[in-house]
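The chain contents come next:
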Amino acid sequence: MSGIGAALLNSLDIGLLLFIIAVGLNIVFGVLNIINFAHGALYMLGAYLAFTLINLVGMPFWAALLLAPIGVAILAVIIDRLLLRFIYSRDVADSLLLTFAILLIINESVRVIWGSGIHVVQPPQLLSGSMELLGSSVSTYSLFVIVVGLLLLAGLWYLFNRTRVGRIMRAAALDRDMAEALCINTRMVVTGVFAFGAWLAAVGGVVAAPMRALDPGMGDKIIIESFIVVVIGGLGSFPGALLGAIVLGLIHGFGGRYLPEVNLLLPFLGMALVLLFKPNGIMGKGATA
Amino acid sequence: MKTKILMGLLAVAIAGLIAVPWIASYFYIFILTEILILGLFAASFNLIFGYTGMLSFGHAAFFGIGSYATALVLIHLEWPFLACLLVSMGASALLALVIGFLSVRLNEVYFAMLTLAFGMMVFAIAYQWRSVTNGSDGLAGFTLGSFGLGVDLILGNPAVYYHVVLVIVAIAAVVLYLVCRSSFGMILKAIRQNPERVSFAGLNVRTYRLVAFVIAGSFAGLAGGLMAPFLRVASPELLHWSMSAEPVLMAILGGTGYFLGPFVGSAVFVLLETWITSFTESWMLVLGIILAMMVIFFRKGLLGTALDWWLEVKK
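So the protein sequences, as listed, match chains A and B.
So that you can map any letter, position 111 of the first sequence is 111 in the numbering used here, and since no number is skipped, the others follow by simple counting.
So that you can map any letter, position 10 of the second sequence is 10 in the numbering used here, and since no number is skipped, the others follow by simple counting.
Hints were generated in silico from the structure; no laboratory data involved.
Keep in mind the model is a prediction, meaning the values are calculated, not measured.
Ideal placement from N, C-alpha and C gives every residue a C-beta, glycine not left out.
A hint or two may mislead.
[As the list claims (entries may be wrong)] Here are some chain B residues pointing at chain A (derived, C-beta under 10 Å):
(1) I5
(2) M7
(3) F49
(4) A112
(5) I125
(6) S242
(7) W283
(8) A292
(9) F297
[To be verified] Simulated DEER-style distance windows between Cβ atoms:
(10) L66(A) x V313(B): 52 to 62 Å
(11) V92(A) x V98(B): 22 to 32 Å
(12) L174(A) x E108(B): 19 to 29 Å
(13) G145(B) x V92(A): 41 to 51 Å
(14) L66(A) x L231(B): 41 to 51 Å
(15) W309(B) x L150(A): 57 to 67 Å
(16) E180(A) x D137(B): 40 to 50 Å
Chain A extracted, bound-state conformation (with noise of 0.2 Å):
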């Protein structure tokens, strides 16, 4: 029982963390109709942000969990209005392509800055232990990750779903040109969903960073798993990106305790039986050609 508790806790703490990073991915996609290449390499920035603040400044993590996302989003704001405003109105290949730009960016910038070494950060005293849960020890960080996880789900459903903010967004998303007839300053609402969607990814990687080493490779890393979530779970989707992400936490946390000889191939393995079924997703609409 007490394996597969720790697997099951294992699973939710991944998934809910990919969760917080698909679904940026997932919003900006929803509206402004882009994959943005560089969401990995943003949230890569908010975790090597937090290094700098914590271990060279000296903040308390709670201070750069705060801070690095702003940063990240102020950037994201800059990206926006130096180079992809050019892009908005072309083909979609065009987006795809500039996104990749700013990834090749980033990384060599990440990498001219912090080095190609392995930079580590701590977790905060509060949650550096372990607890006694369902009769087996937990990391502390673990339950702090899923907390996070599930307070970003419902403040997002209910910034979706309750407030002017999210309705503009949803009515940007569904028909840009409607917003805009109804006196909605679109351009400002691409820009700040971008910036958004940065932020989000940033948080990740504040909360990825104690429980990973930092390296100019994980922002590739993770994209990668953002692929695999979005795809399992439906492009664009809210829902589908919490399925997926599950789905995916679940298949490492598994898998990694279960079957080690094939971990690395199984999260391809379960996008490929999706695909074969459900080629949209799970819960998304109109992928195919």
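Following the hints, position chain B against chain A.
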């Protein structure tokens, strides 16, 4: 008149390429070999991107599999070089069939994500399956034996190997060009412009896309097969997505609308890389900036922009 001048330029370029080993040092022979191999890789990519309109971020999977196939055959079977290349093409075509079957039915955005994910899956396998692929070190220590067909060549000599690459790439390029010019190639172009219309005309878009994907994959495998003996190693880097980025960049750099665009892109890419890495390690940073500028301002690529300008000026 203008076509005649262009044809003349092309003939001079080809004559120059043949003459290179007699007039240039080994350094330039190595650079040109690399340009030719990567040019073929980029041209195979452009069949699915520039012609069919599918943006793949996993083309290195086929290039890398081609490299590994040639390396494995040379190590374990010691077959002649031509046979190795055929195995490379076959292995990549098979892989392209599997990945393509799962990916080509989805729209552009999904297709880009899927090819990237599957490409990285192949990378992960090569990285982890130590008993066959020798993990992160890659396969090395193989030597080229005979060429095949009873032709007597010393393939270990860089000048000879350059000529072999030149001939094979030229033949492959002509075949690819004929594919692009055929009615099949016309349908691919039509699919890029308007897939709905093509399917209303009674053609199965998915099958055409899959066939294009497999052809592109097998030619990428051929390029990979040429690359392994040139680098003397088949390593996982050849499968990594930064390798998949190279044909994308080359095609964009040269111009996706022209058959020779990717070759021009490959030449500019390799020369820039050689030049920039001589004074900074951040080649990828420069590359990212160049790609961003090309996408925003020069979407037709260097060849396209130059041709446009020339046709405009010399009217």
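Evaluated hints:
{"no.": "1", "hint": "I5", "result": "32 Å, violated"}
{"no.": "2", "hint": "M7", "result": "31 Å, violated"}
{"no.": "3", "hint": "F49", "result": "8 Å, holds"}
{"no.": "4", "hint": "A112", "result": "5 Å, holds"}
{"no.": "5", "hint": "I125", "result": "7 Å, holds"}
{"no.": "6", "hint": "S242", "result": "8 Å, holds"}
{"no.": "7", "hint": "W283", "result": "8 Å, holds"}
{"no.": "8", "hint": "A292", "result": "4 Å, holds"}
{"no.": "9", "hint": "F297", "result": "8 Å, holds"}
{"no.": "10", "hint": "L66(A) x V313(B): 52 to 62 Å", "result": "57 Å, holds"}
{"no.": "11", "hint": "V92(A) x V98(B): 22 to 32 Å", "result": "25 Å, holds"}
{"no.": "12", "hint": "L174(A) x E108(B): 19 to 29 Å", "result": "21 Å, holds"}
{"no.": "13", "hint": "G145(B) x V92(A): 41 to 51 Å", "result": "48 Å, holds"}
{"no.": "14", "hint": "L66(A) x L231(B): 41 to 51 Å", "result": "48 Å, holds"}
{"no.": "15", "hint": "W309(B) x L150(A): 57 to 67 Å", "result": "58 Å, holds"}
{"no.": "16", "hint": "E180(A) x D137(B): 40 to 50 Å", "result": "57 Å, violated"}
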